[in-house]
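J.: Sequence:
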Amino acid sequence: MISVLDIRSTREAERLMRQIKVDEYGIRIMAPKAVTRVVRIDGVPNFAANILKQEMLSLGGDVAVARDALTGRGKKSSCVLIGNLSQLARLNEKLLIQPFGLADISRRLQKVLDGYAADGLVIEAAGCLIRTAGRTLIMGIINNTPDSFSGDGLLTRTFAEAVAKAREMVAEGADMIDVGGESSRPQAKPVPLKEEIRRTIPLIKALKRAIKVPISIDTCKPEVARQALDNGAAIVNDITALRDKRMRKVVMRYRAAAVLMHMKGTPRTMQQAPVYEDVVLEVKEFLHNALLRAEEDGIKRSSLFIDPGIGFGKTVEHNLQILRRLREFRSLGRPILVGTSRKSFIGRIARAEVSERVFGTAASCVLAAENGAHIVRVHDVRQVRQALDIADSIRKA
Numbered sequence: 078m079i080s081v082l083d084i085r086s087t088r089e090a091e092r093l094m095r096q097i098k099v100d101e102y103g104i105r106i107m108a109p110k111a112v113t114r115v116v117r118i119d120g121v122p123n124f125a126a127n128i129l130k131q132e133m134l135s136l137g138g139d140v141a142v143a144r145d146a147l148t149g150r151g152k153k154s155s156c157v158l159i160g161n162l163s164q165l166a167r168l169n170e171k172l173l174i175q176p177f178g179l180a181d182i183s184r185r186l187q188k189v190l191d192g193y194a195a196d197g198l199v200i201e202a203a204g205c206l207i208r209t210a211g212r213t214l215i216m217g218i219i220n221n222t223p224d225s226f227s228g229d230g231l232l233t234r235t236f237a238e239a240v241a242k243a244r245e246m247v248a249e250g251a252d253m254i255d256v257g258g259e260s261s262r263p264q265a266k267p268v269p270l271k272e273e274i275r276r277t278i279p280l281i282k283a284l285k286r287a288i289k290v291p292i293s294i295d296t297c298k299p300e301v302a303r304q305a306l307d308n309g310a311a312i313v314n315d316i317t318a319l320r321d322k323r324m325r326k327v328v329m330r331y332r333a334a335a336v337l338m339h340m341k342g343t344p345r346t347m348q349q350a351p352v353y354e355d356v357v358l359e360v361k362e363f364l365h366n367a368l369l370r371a372e373e374d375g376i377k378r379s380s381l382f383i384d385p386g387i388g389f390g391k392t393v394e395h396n397l398q399i400l401r402r403l404r405e406f407r408s409l410g411r412p413i414l415v416g417t418s419r420k421s422f423i424g425r426i427a428r429a430e431v432s433e434r435v436f437g438t439a440a441s442c443v444l445a446a447e448n449g450a451h452i453v454r455v456h457d458v459r460q461v462r463q464a465l466d467i468a469d470s471i472r473k474a
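My numbering puts the first residue of the sequence shown at 78, with every later residue one more than the last.
It is possible that part of the hints are untrue.
[To be verified] As a list, the in silico SDA-like pairs of lysine to any residue whose alpha-carbon atoms are at most 20 Å apart:
id	residue 1	residue 2
1	Lys289	Phe236
2	Lys153	Asn123
3	Lys326	Leu369
4	Lys130	Ser155
5	Lys266	Ser155
6	Lys285	Ala248
7	Lys110	Ile159
8	Lys171	Glu132
9	Lys153	Glu354
10	Lys282	Gly204
11	Lys285	Gly204
12	Lys266	Thr343
13	Lys98	Asn123
14	Lys271	Gln304
15	Lys153	Leu136
16	Lys130	Arg105
17	Lys110	Ile84
No lab work stands behind these hints: they were computed from the structure.
Just so we're clear, the structure is a prediction, and the values are computed from it rather than from any experiment.
Whole structure, please, built from the sequences with the hints as guidance.
T.: Encoded structure:
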């Protein structure tokens, strides 16, 4: 029988070769040849692009370059490297001794390849470690608002009921709890500082006594984040990706973890005809710059994770493209959080009201995990945990 095999990592290649009793020395040489990577590099000087192409051709790979790079028109262009891990490793060795900025490209390329392949990433969060190895993690959502798009706003209930809901989520498999006091739904109006503090800080104090998992504060206000961290939160979930320098200072001071999320515009404007040339590339570049900005202000990279912002300034098609190509975000080298829970794109596709989107949410979370997500943010913990446990077990088989 002749079979086409699905090999996605050197670990899978090694296991296959051991099955057919390949010599261990041969496995070390051949396993990297079984895994192909396609890598885009932007802003490459045209003469350097031609050197890249010749070097990869000499190794048995290839580089797709713009016509202008070959004809000499223009100064810079984008390249697409096509090769297996063995070829890319040898390319990096060659580039390190080359001029014209190719040594820098080599270092950046290796960092991206390492980030893409990284497994078992750890998040440092105010003295605790959140480990992403083994299974997909769940962030349970507690919205203490009157106007959450998902219909789960708890503001009309007591803190005791909100605490009971969080306890239930932890019992059902939530690995962390995210508390929010301001809706980020489309066209949402900002909540005054004092009101957001009233909605969140007493609840965080109560949760700190009631549950043992890390607590996240969903806010873009530095003072809310500061008080939350003062009272037991360990994570800042900021839909503006720490754009405010004061927020970066708060996160750095408390050594908290932070979620950097992409949003086009503001909650009031984000769904007004969002346009992208390449949504994944543009969101990835935004998050790359947000990571650099946070690091420049003293926040450890190991405390940061990223969120492509499903539904935040994206059409249904944009959301689907991000989920399909989610694995590309792994090249940033940090854990990926995805929030699809009960969102409108699920309702549009399934023609389902908010209360009927549990199955669609679970399906999107399973696909996100398969495509590289480390954490999913959901309302319906029990159902999603069961779906992810099955998906994680299949993936590890």
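J.: Of all the hints numbered above, which does this structure not satisfy? Sort the numbers upward.
T.: 5, 13, 15 and 16
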